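Asks: Heads up: the protein sequence lines correspond to chains U and S, in order.
Residue 231 in numbering that gives the first Met the number 0 is what sits at position 232 of the first sequence, and the numbering runs on without skipping anything.
Residue 229 in numbering that gives the first Met the number 0 is what sits at position 230 of the second sequence, and the numbering runs on without skipping anything.
These aren't lab readings, by the way, just hints derived from the structure by calculation.
Among the hints, a few may not be true.
Under the rule of at most 25 Å between Cα atoms (straight-line distance), these lysine-lysine pairs were calculated in the DSS-like manner [stated by the list, open to error]: (1) S:Lys64 - U:Lys88; (2) S:Lys181 - U:Lys184; (3) S:Lys60 - U:Lys159; (4) S:Lys114 - S:Lys128; (5) S:Lys114 - U:Lys159; (6) S:Lys75 - U:Lys185; (7) S:Lys174 - S:Lys213; (8) S:Lys128 - S:Lys31; (9) S:Lys107 - U:Lys159; (10) S:Lys107 - S:Lys64; (11) U:Lys185 - S:Lys107; (12) S:Lys31 - S:Lys203; (13) U:Lys184 - S:Lys203; (14) U:Lys159 - S:Lys112; (15) S:Lys31 - S:Lys13; (16) U:Lys185 - U:Lys31; (17) S:Lys31 - U:Lys184; (18) S:Lys174 - S:Lys203.
Given the structure is predicted, the values throughout are model-derived calculations rather than measurements.
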Amino acid sequence: MIIIQYLINGIMLGGIYALLGVGMTMIFGIVKLTNLAHGEFVIIGAYASTLVAQALGVDPILTLIVTVPFMFLLGMGLQSGLINRVMQKGSEPALLVTFGLSIILQDAMLLLFTADARHAGAAYSSTIIKIGSISIALLDIILLAISLLSILILTWFLNKTYMGRSIRATSDDTQAASLMGVSVKKTYAIALGIAMATAAVAGLCIGLKWTFYASSGGSYLLIAFGVVVIGGMGSIPGTLVAGLIFGLAQVIGGANWGLLISYVLLIIMLAVRPQGLFSK
Amino acid sequence: MSEPLLKVEGVQAKYGDFIAVQSASLDVPEGKIVSLIGSNGAGKSTLMDTIAGLHKPSAGKIYFKGEDITGLPAEKIVTRGLSLVPQGSRCFIRMSVEDNLIMGSFPKNVRAKAKDSLERVYSLFPVLKEKRNDASGSLSGGQRQMVAIGRALMTNPELILFDEISLGLAPTIIKDIYATVKDINRTTGMTVVLVEQDTHRAIKTGEFCHVMLKGNVVLSGRSKELGDDEIKKAYFGI
């Protein structure tokens with residue numbers, strides 16, 4: 000029974016980890032850029048949900064109606080106003096810009112929101128469902144559903160819409176895509192917009208499940224990074240599987256060994272199959 | 000003769016300091032098949048890329064349907080009815096055959112016709128319909144070339160540029176693809192530019208012929224009126 004309990008806890012955690020990785024893997028695969036500010040994006044999402052929920056007195060999940068479009072537009076603006084310009088000078092300057100962005104955003108959040116711990120509470124936060132000797136937190140089920148649904152919607156969008164196909168085409172061959180009428184710069188802007196929208200959802204999950212600080216971005220960036228590398232850069236199914244692996248490692252290892260096990264797995268992966276589980 | 004569909008005037012194209020196309024001028028009359036031949040490195044592909052908007056010319060003018068399209072980006076040029084099948088097919092290898100073709104109807108002005116165009120492409124290349132759900136990266140070279148041609152046809156072009164579609168293909172497949180190209184020209188009146196290294200095939204297929212040498216168009220005329228010797232001399236620069 001204890002094994003099933005571990006498995007369930009791991010899967011619950013894995014959903015959030017996968018969602019953390021999805022936004023980063025998209026930017027890897029499409030824009031060919033390592034976005035070192037992704038952790039801060041997630042924390043911006045966490046603050047946005049927490050503060051809007053407090054201000055309006057609504058359930059934090061409802062704030063997604065506001066935070067997702069807001070973060071999408073922020074991402075588009077950031078890519079078209081800043082990163083697209085820097086990328087003309089090469090990928091290293093763009094990488095440094097995302098690193099700088101991460102520091103600036105972290106300090107800006109520290110100034111705006113102080114160093115206090117934050118948490119988004121909801122009515123169902125402490126409800127536990129018991130099935131025999133197995134207990135599952137209702138919150139975990141809700142967060143897993145949100146994570147999976149977000150990834151499902153994203154997959155549908157990428158596979159079934161003109162815009163989604165143009166994003167995949169751009170990631171395969173930018174010149175051939177432009178011959179089909181696709182503006183590569185606009186596509187990159189939409190890609191970062193979507194990545195930030197997924198960060199908004201991931202931020203909500205983190206705000207509901209844990210407490211967070213202005214400086215929490217780094218640790219989530221590391222998780223996202225690990226998930227992306229294990230899953231295969233640019234692969235959404237890979238991210239899902241890698242998220243579950245990380246989640247299980249975390250649960251099995253507990254607070255002391257969880258991260259260590261995760262990163263040992265990451266190093267083994269890099270040594271044995273550096274292209275990741277699902278990459279061709 | 001009426002105004003040509005495509006008019007290239009003294010176009011120069013560079014990669015950094017290297018001049019790939021020095022000063023190219025050529026006309027493409029509407030409804031015809033025009034071949035462009037030249038040896039490796041003559042600047043044919045760079046000229047095609049420049050016409051399609053993948054490469055910005057450093058001098059000269061390009062007119063399509065009488066309008067100046069010089070320096071427009073590729074994504075704008077394709078919506079005006081000019082499509083390039085780039086060298087080496089350049090399929091979206093991780094996408095399915097059908098998704099590759101549907102990408103051709105990305106320009107908003109042709110989306111309404113996407114279904115009809117897709118059926119048309121499938122009737123031209125039945126094998127693509129069989130493999131519609133396969134990743135295009137898993138196809139043979141000839142089939143990939145069909146995907147690239149089909150994808151370009153989906154954009155509903157008035158002028159289609161083929162950059163060495165025969166490169167690396169078996170002779171029988173080349174014959175089939177050339178037959179299809181001729182067929183498209185005959186049935187729809189679509190204007191075609193064929194870039195070739197094989198002089199013989201180019202002259203046989205194209206009503207008009209241009210020869211490029213070291214970044215310049217050195218010979219132009221009706222294929223029938225150009226003598227074999229004249230073309231050979233222009234091709235090799237002797």
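Asks: Would you mind marking each hint as holding or not holding in the structure?
Replies: Hint by hint, here is what the structure shows:
At most 25 Å may separate the alpha-carbon atoms for a hinted pair to count; lysine 64 of chain S and lysine 88 of chain U exceed this at roughly 36 Å. At roughly 36 Å between alpha-carbon atoms, lysine 181 of chain S and lysine 184 of chain U are farther apart than 25 Å, so this suggested pair is violated. For the hint pairing lysine 60 of chain S with lysine 159 of chain U, the CA-to-CA distance comes to about 39 Å; that exceeds 25 Å, so the pair is violated. This hinted pair checks out: lysine 114 of chain S and lysine 128 of chain S have alpha carbons roughly 13 Å apart, not beyond 25 Å.
At most 25 Å may separate the alpha-carbon atoms for a hinted pair to count; lysine 114 of chain S and lysine 159 of chain U meet this at roughly 15 Å. Restraint check for lysine 75 of chain S and lysine 185 of chain U: the C-alpha separation of about 13 Å stays at or below 25 Å, so the hint holds. This hinted pair does not check out: lysine 174 of chain S and lysine 213 of chain S have alpha carbons roughly 29 Å apart, beyond 25 Å. Between lysine 128 of chain S and lysine 31 of chain S the alpha-carbon distance is near 29 Å, which puts this suggested pair outside the 25 Å criterion.
Between lysine 107 of chain S and lysine 159 of chain U the alpha-carbon distance is near 16 Å, which keeps this suggested pair within the 25 Å criterion. Our distance criterion of 25 Å between C-alpha atoms is met by lysine 107 of chain S and lysine 64 of chain S, whose separation comes to about 20 Å. Among the hinted pairs, lysine 185 of chain U with lysine 107 of chain S is consistent with the structure: their alpha-carbon atoms are about 15 Å apart, no more than 25 Å. Taken as a hint, the lysine 31 of chain S and lysine 203 of chain S pair is honoured in the structure, with Cα atoms around 13 Å apart against an allowance of 25 Å.
With a CA separation close to 42 Å, the supplied pair lysine 184 of chain U and lysine 203 of chain S exceeds the 25 Å bound. With a C-alpha separation of about 17 Å, the suggested pair lysine 159 of chain U and lysine 112 of chain S falls inside the 25 Å cut-off, and the hint holds. This hinted pair does not check out: lysine 31 of chain S and lysine 13 of chain S have alpha carbons roughly 29 Å apart, beyond 25 Å. Using a Cα cut-off of 25 Å, the hinted pair lysine 185 of chain U and lysine 31 of chain U holds, with the two alpha carbons roughly 15 Å apart.
Proximity of lysine 31 of chain S to lysine 184 of chain U is assessed by CA-CA distance (about 35 Å); at most 25 Å being required, the pair is judged violated. Of the supplied pair hints, the one linking lysine 174 of chain S and lysine 203 of chain S holds, its CA atoms being roughly 12 Å apart against a limit of 25 Å.
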